[in-house]
Amino acid sequence: MKSTKTDSNSSTSSAYKIKRRTLLGGAATAAVVLVQTAFGKMMQAALPESAVKLITDPTHKPGTPPGAVGTRSPFEKPVKKASDISSRTPLQHLYGMLTPSDLHFERNHAGVPLIDPEDHKFLLHGMVEKPMAFTLADLKRFPSVSRICFIECSGNYRGGREDLSPQEICGLTSQSEWTGVMLSTLFREIGVKPGATWFLAEGSDAAVMTRSLPVAKGWDDAMIVYAQNGEAIRPEQGYPFRLLLPGWEGNTSVKWLRRIELSDQPFMTREETSKYTEPVAGGKIRQFSFVMDARSIITFPAYPAHVEKGWIEIRGLAWTGRGKIVSVEVSTDGGKHWQQAKLQEPVLDKAHVYFRYLWLWQGEETVIISRAVDETGYIQPFLKQLKEVRGTSGGYHFNPVTGWNIRRDGSVFLQPDSGA
Amino acid sequence: MSVVIGCALVITACSPDRDNGPEDSGWPEQFGFGRAASPEEIAAWDIDVRPDGQGLPEGSGNVAAGGVLYRSQCARCHGASGWGGPYMALVEHVDTSAVQNDRTEKTIGSYWPYATTLYDYIHRAMPYDSAGSLSPAEVYHITAWLLYANHIIDSTTVVTAETLPRIAMPAQPLFVPDDRSGGPEVR
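First to last, the sequence lines map onto chains A and B.
The first sequence runs contiguously to residue 420 in the numbering used here.
The second sequence runs contiguously to residue 1187 in the numbering used here.
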């Protein structure tokens, strides 16, 4: 304690000494760094919170040498928000269209399995000419494709309260660059029999998660992907590989894939009957509603941000499972007038698009809203419209516009009945 | 600068006319990667059951045995009578708390369109902490009790591979295919 007191009153180099010493006996860890010992050997040490605060001028002493794996700055702490069954992407902390792999949302039906690819196989059978088994290594030998697209859970709506962040409202959407083999390449390899119209995809988790899917999607743009953002797919995303159905509700992109069986009819599994279906008007239940409709959300300014009077760049994400976003309209007066936001290129098919709109806020209370328009002419609906056609105020495939109430003190809260 | 280069690569990779596909010259009829799957290994994993009964094993279940098994295997999560437990309700009941969150509970009686799905799912994924541990006979018994508790069969009905696909579920007529297809109409 005595020496610490002396050092803290002296120069930068003394501060560095404190850093060295605290590194070796620190308490609350803020980061892990590499340090050189008295014998010149490099070692890893924990950097405590107090030491981070003392490092004020980084221009006098060498920093951390190159390492084996990069880390996030200790000053940046974006985290997912987890429940028992899902974990939500912090959309309000991200920039651009890609989601860092470790912040990709999760929705699991019985936890994340630990799978050694050496012990894992994938069976492709049913109405096929040649039932086959493939390992991860086998799949990697086929011609590969990379594609950037979003995956969104179909149950991606929360509302009804003003203190909800973008993460809490619709954090069950994320975007990665996925690499793998087209399912059509494998269909071609095994020979799909005439009359096969559906296939069952099955996971190797403790839910042995299953969905029945049209063979046409398999020929169109379905993939089996083993890589995410340039590296092996994360366990939470289906390691060693998952199905990827671009633009379709996330649970159809079955993770930890172990089997695909071709059939002439759907299997009517629990997930596609009692779970991922939604009540619609007339007391009916809509089934096999695969495609994710267009959606957008302003991620800045958004709860819990505070803003100051003056120029504000409104930023957000828009996406659609039906092709490309053609425009995002922004209103800064609660929906009375709409302006075109700028879309960040490239605008990709079935992908998150980052949008921006420059706004001069005069300090008056108002509501800002975004709405997405896709290439089919679909305009993202208001909550009121969805309630009318569905007869519910939530559930699967609920994609209403989100309005943010900007108050005079600069605080931002969700407008629960945006534009209703 | 590196960001600009990254975007250029992305465009190339996603451009439809440059997709890696069989229309490219030089693709063989087959690549020959992987190996033939044996009937035994397929059978070991082919556990799915279709609405027409394909996939159901031989066996039968009765309501009395199902009730005993339900209490030991299922009740701690789904409640003693099929509702009121910490996890989802399986049996139709009157529950005022369900009204509060504006959602009708999706019970077997109110929301499941096919009885075969019960066999498939219980065998596949239940009990939650020991999935796949129940024998075919046990799954048939529990299926029978759940159908009885939801007033779909009477206490004497025996459930088999032949009878299960023929059981009419109350919710089946409610199911309609997706009618959304883009465009200006909100559905």
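Read the hints as simulated data drawn from the structure, not as lab findings.
Note that this is a predicted model, so its numbers are computed, not measured.
Even for Gly, the Cβ is constructed at its ideal location relative to N, Cα and C.
Don't take each hint at face value.
[Stated by the list, open to error] DSSO-like, lysine-lysine: derived pairs with alpha carbons at most 30 Å apart:
hint, chain 1, residue 1, chain 2, residue 2
1, A, K387, A, K81
2, A, K61, B, K1106
3, B, K1106, A, K140
4, A, K284, A, K387
5, B, K1106, A, K80
6, A, K81, A, K384
7, B, K1106, A, K275
8, A, K275, A, K217
9, A, K336, A, K275
10, A, K336, A, K309
11, A, K342, A, K77
12, A, K275, A, K81
13, A, K387, B, K1106
14, A, K217, B, K1106
15, A, K275, A, K324
16, A, K387, A, K309
17, A, K80, A, K61
18, A, K81, A, K61
19, A, K61, A, K130
20, B, K1106, A, K384
21, A, K384, A, K284
[Unchecked claim] Some chain B residues flagged as far from chain A (calculated, every beta-carbon gap over 10 Å):
hint, residue
22, G1059
23, R1071
24, Q1073
25, V1094
26, L1134
27, S1135
28, H1151
- Query: Within 30 Å, alpha carbon to alpha carbon, are K1106(B) and K384(A)?
  - Reply: 24 Å, holds
- Query: Is the hinted pair K81(A) and K61(A) satisfied, with a Cα-Cα distance of at most 30 Å?
  - Reply: 37 Å, violated
- Message: Given the hinted pair K217(A) and K1106(B), is their Cα-Cα distance within 30 Å?
- Response: 29 Å, holds
- Query: Is it the case that L1134(B) keeps its Cβ farther than 10 Å from each residue Cβ in chain A?
  - Reply: 13 Å, holds
- Is the Cβ of V1094(B) more than 10 Å away from each Cβ in chain A? 19 Å, holds
- Compute the least Cβ-Cβ separation between Q1073(B) and chain A, then decide whether it is above 10 Å. At roughly 16 Å from the nearest Cβ of chain A, Q1073(B) sits farther out than 10 Å, so the non-interface label holds.
- Query: K61(A) and K1106(B): Cα distance at most 30 Å?
  - Reply: 63 Å, violated
- Message: Holds or violated: K275(A) and K217(A), Cα atoms, limit 30 Å.
- Response: 21 Å, holds
- Message: Against the 30 Å threshold, does the CA-CA distance of K284(A) and K387(A) hold or violate the hint?
- Response: 15 Å, holds
- Message: Next pair to validate is K387(A) with K81(A); report whether the Cα-Cα distance is within 30 Å.
- Response: Since the Cα atoms of K387(A) and K81(A) sit roughly 27 Å apart, the hinted pair holds (cutoff 30 Å).
- Item | 30 Å limit on alpha-carbon distance, applied to hinted pair K342(A) and K77(A) | 28 Å, holds
- Proposed proximity, K81(A) with K275(A) (alpha carbon, max 30 Å): 23 Å, holds
The structure does not agree with the numbered hints 2, 3, 9, 16, 17, 18, 19 stated previously, though it agrees with the rest.
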